[in-house]
Amino acid sequence: MPPDDGHCFVPVSAPLQTADEAELERLIAACARRDARALRQLYDLTAAHLLACVLRILRRRALAEETLQDVFVSVWQRAAQYEPRRGRPRAWLFSIARNRAIDALRRERINDDVDVHAESLPDPASDVAAESMMSGRLAAGLARCLELLTADQRRGIQLAFIDGLSHAEIANVTGEALGTVKSWIRRGLLSLRQCLER
Amino acid sequence: MKLQNPEVIDALAAEYVIGTLRGPARRRFDRYRAREWHIGRRVIAWEDRLIPLAYTLPPVTPSPEVWRAIERRVRAESPPARQLAARRPLRALAAVVAICAVLAGGFLLWRAGFAPGFEPIATIAAGDARPIWQIELDADFTRLRAVSIGAAPEQPGRSFELWALPDDGAPVSLGLLPVSGRLERSLDADQARALRAAPRVAVSLEPVGGSPTGAPTGPVLFVAERRLPG
Numbered sequence: 000m001p002p003d004d005g006h007c008f009v010p011v012s013a014p015l016q017t018a019d020e021a022e023l024e025r026l027i028a029a030c031a032r033r034d035a036r037a038l039r040q041l042y043d044l045t046a047a048h049l050l051a052c053v054l055r056i057l058r059r060r061a062l063a064e065e066t067l068q069d070v071f072v073s074v075w076q077r078a079a080q081y082e083p084r085r086g087r088p089r090a091w092l093f094s095i096a097r098n099r100a101i102d103a104l105r106r107e108r109i110n111d112d113v114d115v116h117a118e119s120l121p122d123p124a125s126d127v128a129a130e131s132m133m134s135g136r137l138a139a140g141l142a143r144c145l146e147l148l149t150a151d152q153r154r155g156i157q158l159a160f161i162d163g164l165s166h167a168e169i170a171n172v173t174g175e176a177l178g179t180v181k182s183w184i185r186r187g188l189l190s191l192r193q194c195l196e197r
Numbered sequence: 000m001k002l003q004n005p006e007v008i009d010a011l012a013a014e015y016v017i018g019t020l021r022g023p024a025r026r027r028f029d030r031y032r033a034r035e036w037h038i039g040r041r042v043i044a045w046e047d048r049l050i051p052l053a054y055t056l057p058p059v060t061p062s063p064e065v066w067r068a069i070e071r072r073v074r075a076e077s078p079p080a081r082q083l084a085a086r087r088p089l090r091a092l093a094a095v096v097a098i099c100a101v102l103a104g105g106f107l108l109w110r111a112g113f114a115p116g117f118e119p120i121a122t123i124a125a126g127d128a129r130p131i132w133q134i135e136l137d138a139d140f141t142r143l144r145a146v147s148i149g150a151a152p153e154q155p156g157r158s159f160e161l162w163a164l165p166d167d168g169a170p171v172s173l174g175l176l177p178v179s180g181r182l183e184r185s186l187d188a189d190q191a192r193a194l195r196a197a198p199r200v201a202v203s204l205e206p207v208g209g210s211p212t213g214a215p216t217g218p219v220l221f222v223a224e225r226r227l228p229g
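Those protein sequences? They're chains A and B, same order as listed.
Just so you know, we're using numbering that gives the first Met the number 0 here: the first sequence kicks off at 0 and counts up by one.
Just so you know, we're using numbering that gives the first Met the number 0 here: the second sequence kicks off at 0 and counts up by one.
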């Protein structure tokens with residue numbers, strides 16, 4: 000079943016937005032000490048957000064939930080390797096989730112050579128970046144820098160990053176040439192970095 | 000292929016993070032990322048830039064079966080968690096007693112200053128040879144312990160950070176040093192590798208919490224030879 004296409008942004012303050020990064024850090028440290036209750040609390044605070052991210056990439060609920068299981072088992076196993084020095088517990092959790100989802104995609108043999116079914120592709124008009132910028136949910140710096148990109152660049156990055164599409168799939172969805180899509184993304188990422196570093 | 004051009008590395012790191020780097024190229028980059036610290040750092044920088052976008056998606060509540068499966072898998076691999084979660088009071092009591100025994104044992108070992116498996120690998124001393132920290136390591140390079148054995152220079156509002164100092168290549172952080180007492184931490188594969196390859200360790204002065212960049216930002220205060228454990 001295709002996930003929500005991003006059109007219905009509800010301006011709610013979700014648990015993860017309000018959860019203090021310090022609290023996530025404390026829970027990860029407790030997981031490293033094999034405290035199973037901490038894993039449960041971490042799950043309560045983050046699972047719905049991680050599932051949203053994984054489901055958007057995998058588009059199949061059963062596969063996404065299976066991947067979410069792997070994510071938390073992996074968090075449990077790797078908690079001791081988490082480096083609090085870097086102070087990025089949320090990004091750490093999301094990067095585990097995203098990498099697991101991309102691995103699952105690979106296992107499902109959905110890659111550059113095999114396109115996913117057209118009907119399960121996201122609506123190319125849906126612009127998560129623009130909508131989250133307007134809803135004020137994005138950090139001001141990132142929102143400002145995304146705004147500086149062209150609509151095509153932003154959409155290219157978003158279809159890749161949020162929807163998990165390959166270059167070829169993005170070309171398919173947008174009806175643009177593969178080379179054009181690659182250049183949108185490459186230039187968009189470059190502008191984004193330059194803007195964020197300013 | 001050897002990755003050297005920083006712009007190329009950064010572009011690959013970005014495409015790795017957004018997921019358009021796929022197939023064999025992704026796996027290859029994954030290996031580089033784990034092996035080369037400066038590549039891993041670029042991946043982390045891109046994650047930090049973009050991941051806030053991923054958590055603006057409307058949350059999707061998982062079905063209850065997901066947690067049940069996680070719980071089963073986690074318990075299967077960690078027997079102490081299973082004991083703690085035992086329903087029967089007697090088993091729970093036994094678990095509590097066992098934990099107390101372990102804690103008491105641990106405390107006694109700590110009091111006796113005896114830690115099985117740890118070997119000193121470096122002594123960090125001030126200019127006048129007065130020792131400040133002893134760095135200890137277990138035999139398989141997975142746990143590192145820093146013990147404060149003398150007064151560190153007064154540096155209010157700053158942290159002391161320990162680095163593996165390879166002959167060539169960038170220093171790799173081994174974490175912060177305690178001003179008193181001891182700190183013990185796990186080393187990840189990158190840190191263990193860096194430490195094996197590094198003939199020296201160094202201490203730099205950093206903002207509280209350690210270097211914000213992953214490379215030393217403050218002055219290097221001390222350098223010490225690294226001995227092999229055993």
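Some hints here could point you the wrong way.
[Stated by the list, open to error] The calculated lysine to any residue pairs, modelled on SDA-like cross-linking and capped at a C-alpha distance of 20 Å, are:
#1 Lys181(A) <-> Gly22(B)
#2 Lys181(A) <-> Pro215(B)
#3 Lys181(A) <-> Gln193(A)
#4 Lys181(A) <-> Asn171(A)
#5 Lys181(A) <-> Ala167(A)
#6 Lys181(A) <-> Gly140(A)
#7 Lys181(A) <-> Ala24(B)
#8 Lys181(A) <-> Asp139(B)
#9 Lys181(A) <-> Pro23(B)
#10 Lys181(A) <-> Asp151(A)
#11 Lys181(A) <-> Ile8(B)
#12 Lys181(A) <-> Arg192(A)
#13 Lys181(A) <-> Thr216(B)
#14 Lys181(A) <-> Arg21(B)
[To be verified] Chain B stretches covered by chain A per the calculated footprint, using a threshold of three residues with CB under 8 Å from any CB of chain A:
#15 55-64
#16 216-222
These aren't lab readings, by the way, just hints derived from the structure by calculation.
In this text, a Cβ means the ideal position worked out from N, Cα and C, and glycines have one as well.
Below or equal to 20 Å on CA atoms is what counts here, so check Lys181(A) against Gln193(A).
holds (18 Å)
With a cut-off of 20 Å on the C-alpha distance, tell me whether Lys181(A) and Ala167(A) pass.
holds (9 Å)
So if I understand the rule, the pair passes when the alpha-carbon distance is 20 Å or less; does Lys181(A) with Arg192(A) pass?
Within the cut-off at roughly 17 Å; holds.
Hey, Lys181(A) versus Arg21(B), does the alpha-carbon distance stay inside 20 Å?
holds (13 Å)
Check the hint pairing Lys181(A) with Gly140(A) against an upper bound of 20 Å on the C-alpha distance.
violated (25 Å)
Straight-line alpha-carbon gap Lys181(A) to Pro215(B), limit 20 Å
Between Lys181(A) and Pro215(B) the Cα gap is close to 36 Å, so the pair fails against 20 Å, i.e. violated.
For the segment 55-64 of chain B, do at least 3 residues have a Cβ located nearer than 8 Å to some Cβ of chain A?
holds (count 9)
Lys181(A) and Pro23(B) were given as a pair; does the straight-line alpha-carbon distance stay at or below 20 Å?
holds (18 Å)
Lys181(A) and Gly22(B): Cα distance at most 20 Å?
holds (16 Å)
Straight-line Cα separation of Lys181(A) and Ala24(B) no greater than 20 Å?
holds (16 Å)
State whether the coverage of the segment 216-222 of chain B by chain A holds or is violated, taking the criterion as 3 or more residues with Cβ-Cβ distances under 8 Å.
Since three or more residues must qualify, the claim that chain A covers the segment 216-222 of chain B is violated, with 0 doing so at under 8 Å.
Straight-line alpha-carbon gap Lys181(A) to Asp139(B), limit 20 Å:
Measuring from Cα to Cα gives roughly 45 Å; hence the hint is violated.
Hint compliance for this structure: hints 2, 6, 8, 13 and 16 are broken, all remaining hints hold.
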